[in-house]
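Each protein sequence line maps, in turn, to chains A and B.
Using UniProt numbering, you'd call the opening residue of the first sequence number 1 and step up by one each time.
Using UniProt numbering, you'd call the opening residue of the second sequence number 1 and step up by one each time.
Hints listed in this document are in silico derivations from the structure and should not be mistaken for laboratory results.
Fair warning: there could be bad hints in the mix.
[Said to hold, decoys possible] Estimated spans, in silico, between C-beta atoms of each pair: (1) B:I43 to A:D72: 33 to 39 Å; (2) B:G137 to A:D72: 45 to 51 Å; (3) A:S49 to B:S161: 38 to 44 Å; (4) A:N2 to B:Y14: 53 to 59 Å.
[Unchecked claim] Not the full set, but computed from the structure, chain B residues with beta-carbon under 8 Å of chain A: (5) F97; (6) L170; (7) S174.
[Stated by the list, open to error] So these bits of chain A aren't anywhere near chain B, every CB distance computed over 12 Å: (8) R8; (9) L10; (10) G31; (11) R32; (12) R33; (13) H34; (14) T35; (15) E62; (16) D70; (17) Q77; (18) G78; (19) K92; (20) V118; (21) W121; (22) F125.
Predicted model, so just to flag it, every value in this text is computed and none were measured.
Cβ coordinates follow ideal geometry from the N, Cα and C atoms, glycine included.
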Amino acid sequence: MNGTTKTRRLAIRGGLLVIYVLLMVLMIMTGRRHTILIDNKDAADGSYSAINGMEVAIDRQESSEYYPGDRDKAMVQGQTHKIKVTIFDDNKTIEKEFKVPLWSDVMIISVPKLIAGVEPWIEPFTMAEQIQEAQESGPPAGETSFQSIGPAQPMEVEQVPPTP
Amino acid sequence: MSAQKKFVKFFSQYAVVIIFVMITVAAIPPSGLSIKYILQEIITRLGRNSFLVLALLLPIYAGMGLNFGMTLGAMAGQVGLIFAVNFGISNWHGLLFALLVGLPISVFLGWICGLVMNRAKGREMVTGYILAFFINGIYQFFVMYMLGSVIPMGNRAIVLSRGYGIRNTLNLESVRQSLDNILVLRVGGYAVPVVTFIIIALLCIFIVWFKKTKLGQDMRAVGQDMVVAEAAGIPVEKTRIIAIIISTVLACAGQIIFLQNMGNLATYNAHDQTGFFAVAAILVGGASVTHASIANVFIGVTLLHSMFVVSPLAGQKLFGSAMIGEYFRQFIGYGVIALSLVLYAWRTRKAAADARLGLRGGTNGSTKVSAVKNGANGAAGNGGQA
Chain A
1 MNGTTKTRRL AIRGGLLVIY VLLMVLMIMT GRRHTILIDN KDAADGSYSA
51 INGMEVAIDR QESSEYYPGD RDKAMVQGQT HKIKVTIFDD NKTIEKEFKV
101 PLWSDVMIIS VPKLIAGVEP WIEPFTMAEQ IQEAQESGPP AGETSFQSIG
151 PAQPMEVEQV PPTP
Chain B
1 MSAQKKFVKF FSQYAVVIIF VMITVAAIPP SGLSIKYILQ EIITRLGRNS
51 FLVLALLLPI YAGMGLNFGM TLGAMAGQVG LIFAVNFGIS NWHGLLFALL
101 VGLPISVFLG WICGLVMNRA KGREMVTGYI LAFFINGIYQ FFVMYMLGSV
151 IPMGNRAIVL SRGYGIRNTL NLESVRQSLD NILVLRVGGY AVPVVTFIII
201 ALLCIFIVWF KKTKLGQDMR AVGQDMVVAE AAGIPVEKTR IIAIIISTVL
251 ACAGQIIFLQ NMGNLATYNA HDQTGFFAVA AILVGGASVT HASIANVFIG
301 VTLLHSMFVV SPLAGQKLFG SAMIGEYFRQ FIGYGVIALS LVLYAWRTRK
351 AAADARLGLR GGTNGSTKVS AVKNGANGAA GNGGQA
């Protein structure tokens, strides 16, 4: 085997290896699944408010109805997707394209933000961050909290006569 | 040849198939299952298992017997699927990714298996069986310890709570039936997974084509007689290694097809029974240690799995416990392999005895020729007798 044949063979093998790796990367990029949370809630600072009623569809998936306070999820594959929002009040339809970062497992789309034109309306969502945010903002008014506020008070125990 | 001898020869050749047909047909009425249900189950199971069973053909052609070492390929396929689930790759993309990950592993394992089998000529089956146990130990170490500790796993849902090692059962929901559901043909109330069957058909065409190639012919020659093949200039050991590598790679793909249909993966023991059931299926289909065809694969999968479908319910109705049917399943599987091996050994000895008798002039010419031919297969030690 002369030098040229050896080099050509090595080049072909190297090329095949590159194609193999590229195919794997392509499968990750086109096949990776992401969870999209679709949110219809008011902003904490009142900068935007939830939509009264709407229908949201991601890509060609079945659409779902959302009312104020609703949150649901959709599963998508790949990185580029479309969201279609139909608002019940004025029958207006809005279509937007969005990209999901490759290594983000869960993204949250705030539809009121999208309608109001507030950026970013799509953000990565992590459970840990949500818990931290909830703790930082404190318990919502009017809801039961199991955290103690102020010094502990002695409990009043009802005296029950001993049973014979 | 007298009618009685003809009958004995026919029965010894197809004993396993005949016994199996009788048991299965007898078990259908007590099972209470409708023919339509059984047929649908058989279609599903044909799609699920045929690829794995087809992986056994090439080593048989190369005279290496039933490749119990196919379990190695199954393990490679499982590693591929674990990574596909870890990266969250869904649909057929996930299956292709699993195949791409499993392919180099299965080639490497097949090469090791081939090397070992070349040092254990004539004992390939038992060697493959024990080698599968050995590699299983390495697989357990890799999956139980390396994944999550040495190799980082991004998906915490599949990792054990201690932080490393994969959970006992993996949900393959992201790739579940993604190959089967690409195109489902509904005919007369039956659902046929078209793409799966197309892939199986392509493999059959590949095997038919491969047998006609130079390498395929070499394999046949090596399977007939290694000494003669070596003398004819065929690289016997290399050919045998290639046969095992192809079988291991096909087993890898077969296990991925099998698991995508099942929808979940028993991480530590899904591969345990892969070789065993594939071997049982091909033997039930009428193959032997030295002879097998594509037809044997489909007959075997159909018969074995129709028995698997009916036996638990037949056991329930006849003995009052479905567990009896489950035990029956295991018993039949091992029984078929044992019976087939015993029959093969008996036929080889009988052929050798007939050949000796023929040389002494005690039998007719046709028997002599066939006996010598069979004797050559057995005596050359290519049969892979366990």
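So, going through the hints one by one against the coordinates:
1. B:I43 to A:D72: 33 to 39 Å: holds, 37 Å
2. B:G137 to A:D72: 45 to 51 Å: holds, 46 Å
3. A:S49 to B:S161: 38 to 44 Å: Given a distance of about 42 Å, which is inside 38 to 44 Å, the answer is holds.
4. A:N2 to B:Y14: 53 to 59 Å: holds, 57 Å
5. F97: OK, holds: F97 of chain B within 8 Å of chain A, min 4 Å.
6. L170: violated, 15 Å
7. S174: holds, 6 Å
8. R8: The assertion about R8 of chain A holds, with a minimum of 23 Å to chain B.
9. L10: holds, 18 Å
10. G31: Violated: least Cβ distance 3 Å, not greater than 12 Å.
11. R32: violated, 5 Å
12. R33: About 4 Å separates R33 of chain A from the closest Cβ of chain B, which leaves it inside 12 Å; violated.
13. H34: violated, 8 Å
14. T35: Label violated. Min Cβ-Cβ 9 Å, cutoff 12 Å.
15. E62: Non-interface label on E62 of chain A holds, nearest chain B Cβ at 17 Å vs cutoff 12 Å.
16. D70: holds, 25 Å
17. Q77: For Q77 of chain A, whose nearest Cβ neighbour in chain B is about 5 Å away, the distance does not exceed 12 Å, so it is violated.
18. G78: Given a closest Cβ separation of 9 Å, the condition is violated.
19. K92: For K92 of chain A, whose nearest Cβ neighbour in chain B is about 33 Å away, the distance exceeds 12 Å, so it holds.
20. V118: holds, 29 Å
21. W121: Non-interface label on W121 of chain A holds, nearest chain B Cβ at 23 Å vs cutoff 12 Å.
22. F125: At about 15 Å from chain B, F125 of chain A clears the 12 Å cut-off, so the statement holds.
Consistency note: the structure conflicts with the earlier hints numbered 6, 10, 11, 12, 13, 14, 17 and 18.
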